[in-house]
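Going by our numbering, the letters in the sequence shown line up with residues 22 to 390, in that order.
Incorrect hints may have been included.
For lysine to any residue, the following SDA-like pairs were computed, each having C-alpha atoms within a straight-line distance of at most 20 Å [said to hold, decoys possible]: (1) Lys133 to Thr193; (2) Lys133 to Thr77; (3) Lys133 to Gly188; (4) Lys133 to Pro168; (5) Lys133 to Ser80; (6) Lys133 to Gly219; (7) Lys133 to Gly192; (8) Lys133 to Gly202; (9) Lys133 to Tyr183; (10) Lys133 to Ala83; (11) Lys133 to Ser200; (12) Lys133 to Glu79; (13) Lys133 to Pro222; (14) Lys133 to Glu225; (15) Lys133 to Phe99; (16) Lys133 to Pro191; (17) Lys133 to Val121; (18) Lys133 to Thr185; (19) Lys133 to His172.
To be clear, the hints were calculated from the coordinates, so they are not data collected in a lab. All values reported here derive from a predicted model rather than from experimental measurement.
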Amino acid sequence: MRRSNLVNRTWLSVVGVATAVTTTAATWAPVTAAAPTLDTTDNAQSQRADDAVDGTYESCAAYFGLGKYDGGLDIVEFDVADTNGADGAAHAVPNDTQVVLVLGNAAGDELKCAPVEVTEAMWNDAMDDLDLNYLGFSPEHPLPSWPGPGHYIYPTVNFEPYITGAGAQPGTDFGTVTSVGFEVTSIPDGHSLVSPTGLRPLAEHYPGRGESSSDVDDPLVSAYLTSTVDADAAAAFSAALMSCGPDGEDLADLDDDLLAAIHALEAYRGYEPSDAEWLDCYSVRGLNGEASFQLDLSDTVNYVEPIRLSLPTTPPTTTPPTTTPPTTTPPTTTPPTTTAPATTSTTAPPAAPPAGAAEPVSATPAHTG
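Working from the sequences, and respecting the hints, build out all of it.
What follows is the structure in structure tokens.
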């Protein structure tokens with residue numbers, strides 16, 4: 022019966038602490054107020070009034086580093102863009118936008134530090150120091166390559182990172198980090214911050230790593246099995262983890278669905294498929310721990326947090342219309358033409374002949390024979 026001798030081992034080895042990053046505030050403006058133009062319900066906290074100006078934070082390398090057990094392997098990329106047009110500048114952290122990581126502990130204290138960018142050398146060293154062989158076999162599934170510039174380390178809360186020193190009182194430890202987030206502290210001149218306003222929590226990967234690294238039912242494992250096999254295989258694998266528990270040895274029911282799930286995860290990790298007779302709870306838990314860590318590592322490599330800015334809104338210049346008074350041309354008055362009334366012709370009676378003159382004959386002569 023194959024059994025793992027690494028069921029509860031620590032995943033991450035210590036690697037060198039990253040060098041401090043330098044910052045400049047030459048073209049930045051401290052965030053003092055926000056002018057939201059988008060829905061910011063996912064960042065409902067109001068902007069803090071005590072945000073410090075750029076350059077006042079110590080590098081996070083003083084408190085944690087990539088590959089250290091107290092730092093984990095969480096990284097994040099920040100996508101900075103304008104929401105209402107473009108000003109021709111490629112906004113980015115730390116070129117013209119600055120963020121600060123905000124770590125919290127169980128006492129409610131906060132520790133702020135400037136995030137450290139992951140270099141290719143830092144990433145490769147961390148990958149070389151990883152040992153994911155719970156089952157003691159090889160080859161392993163290839164680990165993610167360096168994701169490129171613009172990715173920043175933050176402590177993995179689920180690994181329960183502990184910070185020595187930096188406590189609220191001199192000479193005390195900050196202690197176990199219970200929360201981690203970021204705030205935007207500087208933005209390009211002439212812009213306002215749309216989101217996130219105030220403290221934005223960062224995603225928590227690697228569930229359950231503080232207590233056990235193999236018997237946690239990771240949603241990423243279930244999603245992987247659902248997509249590569251089917252929902253029945255995913256459900257069978259989750260049920261097997263629950264039935265085995267942290268100390269179980271024998272599988273309660275090794276049916277076809279569970280066997281298909283196990284073989285799918287073995288293929289993902291680069292192993293040959295196991296014979297059913299060799300499978301037990303230790304094998305299932307160990308394989309789950311390996312696949313869970315691998316999937317969460319890939320998830321954080323692709324993790325992006327958006328930062329949205331707003332360009333100043335310039336009201337359009339309105340030119341009042343020029344009112345030209347209408348030109349009034351006096352109407353041309355043509356005097357009426359007076360037409361003399363028509364004269365009615367009246368025939369005057371013939372004048373009377375003068376005295377002694379022959380009187381004209383007016384009668385019609387008659388023929389008498």
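Evaluation of the provided hints:
no. : hint             : in the structure
1   : Lys133 to Thr193 : holds, 16 Å
2   : Lys133 to Thr77  : holds, 10 Å
3   : Lys133 to Gly188 : holds, 12 Å
4   : Lys133 to Pro168 : violated, 25 Å
5   : Lys133 to Ser80  : holds, 9 Å
6   : Lys133 to Gly219 : holds, 13 Å
7   : Lys133 to Gly192 : holds, 18 Å
8   : Lys133 to Gly202 : holds, 10 Å
9   : Lys133 to Tyr183 : holds, 15 Å
10  : Lys133 to Ala83  : holds, 11 Å
11  : Lys133 to Ser200 : holds, 12 Å
12  : Lys133 to Glu79  : holds, 8 Å
13  : Lys133 to Pro222 : holds, 13 Å
14  : Lys133 to Glu225 : holds, 18 Å
15  : Lys133 to Phe99  : holds, 18 Å
16  : Lys133 to Pro191 : holds, 16 Å
17  : Lys133 to Val121 : holds, 6 Å
18  : Lys133 to Thr185 : holds, 15 Å
19  : Lys133 to His172 : holds, 18 Å
The earlier numbered hint that this structure contradicts is number 4, and it is the only one.
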